[in-house]
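Model the placement of chain B with the ligand on the given structure of chain A, informed by the hints.
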Amino acid sequence: MSSRPELQAPPEIFYDDAEARKYTSSSRIIQIQGKLTKRALELLALPDDGVPKLLLDIGCGSGLSGEKLSKKGHQWIGLDISQSMLDVALEREVEGDLLLGDMGQGLGLRDGVIDGAISISAVQWLCNADKSSHEPRLRLKAFFGSLYRCLSRGARAVFQVYPENIDQRVLILNYAMRSGFSGGVVVDFPHSSKKRKEYLVLTCGPPSINTSVPEGKGEDEESCSDDETSGDEERQTVSISDRHRPRKKQKTNRGKGREWILKKKEQMRRKGNVVPPDTKYTARKRKARF
Amino acid sequence: MRLLTHNMLASNIKGVTNGFPLRIEVEKAIEKQVDFNPEFLKNMFTKIHWKALVDASRIMGFAELPEEADSSMLESDDFLRNFHHALLELHLEEGALVCPETGRRFPVNKGIPNMLLHEDEV
Ligand SMILES: C[S@@+](CC[C@H](N)C(=O)[O-])C[C@H]1O[C@@H](n2cnc3c(N)ncnc32)[C@H](O)[C@@H]1O
Numbered sequence: 001m002s003s004r005p006e007l008q009a010p011p012e013i014f015y016d017d018a019e020a021r022k023y024t025s026s027s028r029i030i031q032i033q034g035k036l037t038k039r040a041l042e043l044l045a046l047p048d049d050g051v052p053k054l055l056l057d058i059g060c061g062s063g064l065s066g067e068k069l070s071k072k073g074h075q076w077i078g079l080d081i082s083q084s085m086l087d088v089a090l091e092r093e094v095e096g097d098l099l100l101g102d103m104g105q106g107l108g109l110r111d112g113v114i115d116g117a118i119s120i121s122a123v124q125w126l127c128n129a130d131k132s133s134h135e136p137r138l139r140l141k142a143f144f145g146s147l148y149r150c151l152s153r154g155a156r157a158v159f160q161v162y163p164e165n166i167d168q169r170v171l172i173l174n175y176a177m178r179s180g181f182s183g184g185v186v187v188d189f190p191h192s193s194k195k196r197k198e199y200l201v202l203t204c205g206p207p208s209i210n211t212s213v214p215e216g217k218g219e220d221e222e223s224c225s226d227d228e229t230s231g232d233e234e235r236q237t238v239s240i241s242d243r244h245r246p247r248k249k250q251k252t253n254r255g256k257g258r259e260w261i262l263k264k265k266e267q268m269r270r271k272g273n274v275v276p277p278d279t280k281y282t283a284r285k286r287k288a289r290f
Numbered sequence: 001m002r003l004l005t006h007n008m009l010a011s012n013i014k015g016v017t018n019g020f021p022l023r024i025e026v027e028k029a030i031e032k033q034v035d036f037n038p039e040f041l042k043n044m045f046t047k048i049h050w051k052a053l054v055d056a057s058r059i060m061g062f063a064e065l066p067e068e069a070d071s072s073m074l075e076s077d078d079f080l081r082n083f084h085h086a087l088l089e090l091h092l093e094e095g096a097l098v099c100p101e102t103g104r105r106f107p108v109n110k111g112i113p114n115m116l117l118h119e120d121e122v
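Chains as they are written, first to last, in UniProt numbering: chain A, 1 to 290; chain B, 1 to 122.
If we strip away everything but chain A, and leave its shape as in the complex, we get (with noise of 0.2 Å):
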């Protein structure tokens, strides 16, 4: 059976007591999910003005990530599909309100109220038809129109994702853009087949400085490897690339140089990803410590 917990049984079953049980006790996974919230709240990019803000946790299961949004003070709405794992974020005196819903059904929310929002591992569940009047296309048109609409101008939204393969991530990316947002994939730890987190990073609203996908870190191939050798924990950053193609290949790829990245680049546009803009920048070695 595949390891894939999207490909065994719907959300709502597979998340039965158990497995919220199970998923909640586990210190390992509280210790991911506090980690890949912590990033997706970096990521989200909100004012540093102190003022507590009103978010979504989508997905929010047994509150593994809202808490880290209460931590911080902000004020959230989850919404999860599982009854179980609801029950379990209740046990936890999770601070946020809860609500059982289904995102692909679309977000019964106000236009324009929300500051925020986040998803952490659970966006990637809208890709599988687990009814048969399920249609993942019309999910997530349903899901990302309503995300748009309840979101404030210039808001971002960042979902934490596991996409099973290209496929996938580009029919996400393509909904998000369809409904109105900007934005693209971030990827932390790319060579990394343990470490490597995508996240989907969305403004609300039209292309602009602020809705680009945050750049940073090793966005080219070349810089990323030296994560690895040297066993670095800093984060890295990188603009697209594929998980499946074996890391021996990836390796033979340094210093190829800006027109092999340019080139790289522009067929990854054309399968519709969505690439960080050609600068002076691109290509460039970088310095040893930055």
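If you're looking for bench data, these hints aren't it; they were derived computationally from the structure. All figures in this text were calculated on a predicted structure; none of them were measured in a lab. The hints are all genuine.
Below, a list of computed lysine-lysine pairs in the PhoX-like style, where the Cα atoms sit at most 25 Å apart: (1) B:K42 to A:K72; (2) B:K32 to A:K71; (3) B:K110 to A:K22; (4) B:K32 to A:K72; (5) A:K256 to A:K280.
Chain B with the ligand in isolation, oriented as in the chain A frame:
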């Protein structure tokens, strides 16, 4: 569920054009104390549908909010305290939320509204 969330929630049943505000049916309401944060309240004020908050807080047994409010009132500590209490400390624990247009009931159990739609409502 707090009235903050009630103030944001709308029924999104297919075909419904005005699903806000959801009517509250109270079976059990509770209060939980929350730290007072005037900055949050000032930030939220412009987003709050005031009449919906006033009506909801009355149904929940709290009648201290003025019928109308404008941003100058945010200077008053009394006002902020009442706003805070209504928005963040009153919880609908058991009861229902009712779609104003269709009358569809969304049950609330253990403080969690069940907003799952039936297949023919999507
Ligand atoms: C891996 S858990 C993550 C939970 C939480 N965000 C955390 O970080 O601990 C994924 C959650 O997504 C929820 N989920 C899956 N599909 C959903 C849907 N269509 N609507 C709402 N929640 C969904 C599941 O019920 C589950 O609780």
